[in-house]
Each structure stands twice: as C-alpha cells, then as structure tokens.
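> Note that the protein sequences, when read in sequence, are chains A and B.
Going by my numbering, 119 is the number at position 119 of the first sequence; the sequence numbering is gapless.
Going by my numbering, 54 is the number at position 54 of the second sequence; the sequence numbering is gapless.
In short, the hints are calculated from the structure, not lab data.
Ideal Cβ placement from N, Cα and C applies to all residues, glycine included.
Possibly wrong hints are sitting among the right ones.
[As the list claims (entries may be wrong)] Only some residues are given here: those of chain B computed to face chain A with a beta carbon under 7 Å:
(1) Thr5
(2) Val9
(3) Trp19
(4) Ile22
(5) Ala23
(6) Phe25
(7) Gly26
(8) Phe34
(9) Ser35
(10) Ile39
(11) Thr41
(12) Gly55
(13) Ala59
(14) Ala62
(15) Lys65
[Said to hold, decoys possible] Where chain B lies over chain A, by a calculated footprint (3+ residues, C-beta under 8 Å):
(16) 181–191
(17) 213–220
Now for the letters of each chain:
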Amino acid sequence: VGGRRILAVGGLILLAAVAAAGPVVAQDGPLPEVPPGVPGEFDLMPGQGLYDEFESQLGLVDPGDFGGGSTLTGPCFGMALSYDPDGELIAAAGDFNDGAPPVDLLDGGQAFTSSNPFKVHADGVVVYGGRATAPDGNGPLDHSWYIRTQGISLDAGGDPNPEGKNNNAGMVDLRDSLPIKFTGLIKVDGSITSANGLTCSGGGFVQFVGPFPLFTALGGAGAALLALGGVGLLFNARPAITWKG
Amino acid sequence: MTETTSPVVVRHPVRGVIWGLIAGFGVAIVLSAFSVIAIGTLTPIVVVVIVAILGGAWAWFAPPKDAASRSTSTEPTPVED
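Just chain A, with the same shape it has in the complex (with noise of 0.2 Å):
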C-alpha cells in the first residue's frame, strides 16, 4: 500500500470499493466476545444501514452535471467519507444514481469536481463502501481496474472474485499509507470491466490537504525549483556586454 494506493483511493474511490470482493456485514448487534457498550456521539451506524439509508435517500438524486469534471456511469455505486486527524468529517460523497455524477453527501451538489473537489488529509482516514453488479445480476466476475491521471496510471489491479461478490467496504489510514506528505489537487479517472458484462468509468478531482504546502516534500521540492530557475535567469542568462576587440 503507497501512495499510488492511495490516489486511487481518492480518485476513484466508488470504484476500487466495488472491485475488491469482500462483503459488507451487516451487524444488529455486538460481537459475542463484545461486551455491550453505549454508542458515542462520533459512532457511526452500522455500515449496511448507513448505507441504506444514503441510498434511499439519495437514489434518485441527480446533481446535475455543472461542467466540473466529475463523472461515474454504469452500475457501479457506493460513497467515501474522508476524515481528518481529529475525526472530524471533512468530506463525503456518494453515487446512488446510474449515470449521474457523483453528489456531496453535505452540501447536496456535485461532488468531485474542480470547484467541489473531495478532500482527503494527509493524516486522515477515508471509510467507503460499494456495489457492483453486472447485467447477470451476478458481481464483477474476473474483473479488472485502472486508474489514472493524464494516462499516466496510478494503479491497477483486477480479481476473479469467483464467488460473484458484488459489495465491498473498507478504510485506509493516509497517515500510513502516503509514503510522502503533500498537498494539492489531482485530476484523476479510471474504469472496471468485468468478463460478465460489467462497464463503470469515471473521473474527477481529489484535494490533498495538511500541513502548510511549502512544508511538504512536493511543496518544496517546487519552491526549490522556482528558487533555482530564478538564480540561474538572473545571473546565468541575462544579457551581457562583452568587448571585442
């Protein structure tokens, strides 16, 4: 897990949920060995419900499509929820909707575009959840995914997932998992197919925040750069008078 891992988590997160095989299990109540406890004011609800409830709530939403640059269509749905190092809910997004872009599950608009883009902490963690089901009714069988940023691939990966498995939930911890700290905002897109008929493909923006970006490694490596491209314009290329005589 690195950072390419990770900008495919942000770039198409609805995707690479829903491309792993692994099921959602839905938990009425605690683990046996778990004693029983009082929910928290952060505790999230059971994932499947939670789930279920943004679906149904939100199935029919359509955003509209304002020119941002966020797009997802096919059978593929599911949300992230980004937060930051404190547990506070910086971000979440959704797609419920075959053929819509993606919606903001805090504001309501267009999520994952230019102007709206879904914000992930470098410190943070990011929760998701998705479904996939192919014309079959079946998972996404022997699948495979890319994802990209200006055709240059970020990551890709596939499964057989024999067992026809079309939902899958999970979290990354950035903190972990970023091999350098950065900050800034990355364009990206990618797709699934599967042997059974499966097709999703979409794309938008993710926005890295964090530290002050002159102090990540990618901020000053750039404030380095412009600082050498301006040493060497001013006293290495800058007319001269010379004597010829």
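Keeping the supplied structure of chain A fixed, place chain B upon it in accordance with the hints.
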C-alpha cells in the same frame, strides 16, 4: 599604438528557456501544492511553457549587465550565443 575595442551584447536565449523551464516546473509544483491548479490537467504544462517563454524573453530583452568600463563610447553590437 592604441588598442581599439567595441562593446558587444551577448544574449543567451537558450539558457533563458532552460532556466525558465526549471522555474516553470517550480511554479507549477508550488501552484499545484496550493491547489491553485490541478495535477492531471493541461494547466501545469501550460504554466511551464509560459514561464519558459518568459525566460527566453528575459534572456533576449532584459537590460544587459554592466561590464567593466572601457575607454570607448561605441554602441554595443548585439550577438547571440
């Protein structure tokens, strides 16, 4: 016998473009880090190209550095490196 010299302006457009490319990459990365422009779009490439062109223009049109004074008042002759 008196030595005669004439001033010549040497310009470095290629150096200007190269240093401009380096500075342009820096500008693009910094702007990307501040989320002003998005990686994965054409914008960073456009920024790099614009700064490289500006670097070349600087190397051509900037006022020449002063050289050590010589005993002549002849106007400098432009020369490209």
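> Now, for every hint given, state plainly whether the structure supports it.
Cross-check of the supplied hints:
Taking 7 Å as the C-beta cut-off, the interface hint given for B:Thr5 holds, the closest approach to chain A being about 3 Å. Hint on B:Val9 holds. Least Cβ distance to chain A is approximately 5 Å, under the 7 Å limit. The closest approach between the C-beta of B:Trp19 and any C-beta of chain A is roughly 3 Å, which is under the 7 Å cut-off, so the hint is satisfied. The criterion of a C-beta within 7 Å of any C-beta in chain A is met by B:Ile22, whose closest approach is roughly 4 Å, and the hint holds.
For B:Ala23, the shortest C-beta to C-beta distance to chain A is roughly 3 Å, which falls under 7 Å, so the interface hint holds. Contact between B:Phe25 and chain A, as hinted, is supported at the beta carbon level, the nearest pair being about 5 Å apart and thus within 7 Å. With its C-beta approaching chain A no nearer than about 3 Å, B:Gly26 sits inside the 7 Å limit, and its interface hint holds. Interface restraint check: B:Phe34 against chain A, minimum CB-CB distance 5 Å, threshold 7 Å, status holds.
Below 7 Å, beta-carbon pairs count as interface contacts, and B:Ser35 has one with chain A at about 4 Å; its hint therefore holds. The interface hint given for B:Ile39 holds, since its Cβ lies 5 Å from the closest Cβ of chain A, which is under the 7 Å cut-off. For B:Thr41, the suggested interface contact is upheld, since its CB lies about 5 Å from the closest CB of chain A, less than 7 Å. With a least beta-carbon distance of about 6 Å to chain A, the hint placing B:Gly55 at the interface is held under the 7 Å criterion.
Because the closest C-beta pair between B:Ala59 and chain A is about 4 Å apart, less than 7 Å, the hint holds. At its closest, the beta carbon of B:Ala62 sits 5 Å from a beta carbon of chain A; the interface hint therefore holds under the 7 Å criterion. The closest approach between the C-beta of B:Lys65 and any C-beta of chain A is roughly 5 Å, which is under the 7 Å cut-off, so the hint is satisfied. Only when three residues or more bring their CB closer than 8 Å to a CB of chain B does the claim for the stretch 181–191 of chain A stand; here the count is 7, and the claim holds.
With 5 residues having a Cβ less than 8 Å from any Cβ of chain B, the stretch 213–220 of chain A passes the three-residue criterion, so the hint holds.
Taken one by one, the earlier hints all hold for this structure without exception.
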